[in-house]
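> Listed below are the residues making up each chain.
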Amino acid sequence: AQSVTQPDIHITVSEGASLELRCNYSYGATPYLFWYVQSPGQGLQLLLKYFSGDTLVQGIKGFEAEFKRSQSSFNLRKPSVHWSDAAEYFCAVGGFSGGYNKLIFGAGTRLAVHP
Amino acid sequence: NAGVMQNPRHLVRRRGQEARLRCSPMKGHSHVYWYRQLPEEGLKFMVYLQKENIIDESGMPKERFSAEFPKEGPSILRIQQVVRGDSAAYFCASSAGEEYQETQYFGPGTRLLVL
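Chains H and U, in that order, give the protein sequences.
Counting in the numbering used here, the first sequence runs from 1 upward without gaps.
Counting in the numbering used here, the second sequence runs from 1 upward without gaps.
One chain only, chain H, in its complex shape (with noise of 0.2 Å):
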């Protein structure tokens, strides 16, 4: 069965400070891969996606991806973090359910920044 896994359940690190998210998954095929972010209170937003092609991905607000099909991994990364990045970050997988895109989503990673 189609899983996500993210083995940290909160990461704080210091404004200005590199990030890496960590996320596997666990899927037969090539898998198409997601990752939100939840603001408190608020829905998720769509950081990035990978289909397939270039398996390092660009997404939004400075937030990048790379797909390694080795390690079922598709680690989140960012260069330097801001205050405003502290939310809660959701990996999902889908591309299985015969045509329609029903995602599976890990349990989230919490990220808190220092300033």
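It should be emphasised that the hints constitute simulated quantities derived from the structure, not laboratory data.
Relax, there's no trap hidden among the hints.
Listed next, the stretches of chain U that the computed footprint assigns to chain H, with coverage defined by at least 3 CB atoms under 8 Å from CB atoms of chain H:
| # | region |
| --- | --- |
| 1 | 31-44 |
| 2 | 91-98 |
| 3 | 104-115 |
Using 27 Å as the maximum straight-line C-alpha spacing, the simulated BS3-like pairs for lysine-lysine come out as follows:
| # | chain 1 | residue 1 | chain 2 | residue 2 |
| --- | --- | --- | --- | --- |
| 4 | U | LYS27 | U | LYS51 |
| 5 | U | LYS44 | H | LYS61 |
| 6 | H | LYS49 | H | LYS68 |
| 7 | H | LYS61 | H | LYS49 |
| 8 | U | LYS71 | U | LYS51 |
| 9 | H | LYS49 | U | LYS27 |
| 10 | U | LYS71 | U | LYS44 |
| 11 | U | LYS27 | U | LYS44 |
| 12 | H | LYS68 | U | LYS44 |
| 13 | U | LYS51 | U | LYS62 |
| 14 | U | LYS62 | U | LYS44 |
| 15 | H | LYS61 | U | LYS27 |
| 16 | U | LYS27 | U | LYS71 |
| 17 | H | LYS49 | U | LYS44 |
Just so you know, even glycine gets a beta-carbon here, dropped at the ideal spot from N, CA and C.
Based on the hints, put chain U in the right spot on chain H.
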């Protein structure tokens, strides 16, 4: 261009009452997904609907839960005889098409509290 709208944003019900959650997709979108987020967990797929059709309700509890997306008007998620375990945030997402590449745009969610 208004995004996905959900109302109410917060809903309090006593055990045994009914909860009705409404979702208005983005203009031009005819595909709606409902997800539930339990405290400290990621989003879990509940149901996928197109106008007047339920396509996939594999994530819906077998009893008390129903969903519809009529030809006119918003999509409705209905929970009958609510129990404390139904307390969660319920998100809907809409997309312009059903293909895997189509982005799902999420609403702000309805936070249901069952007393």
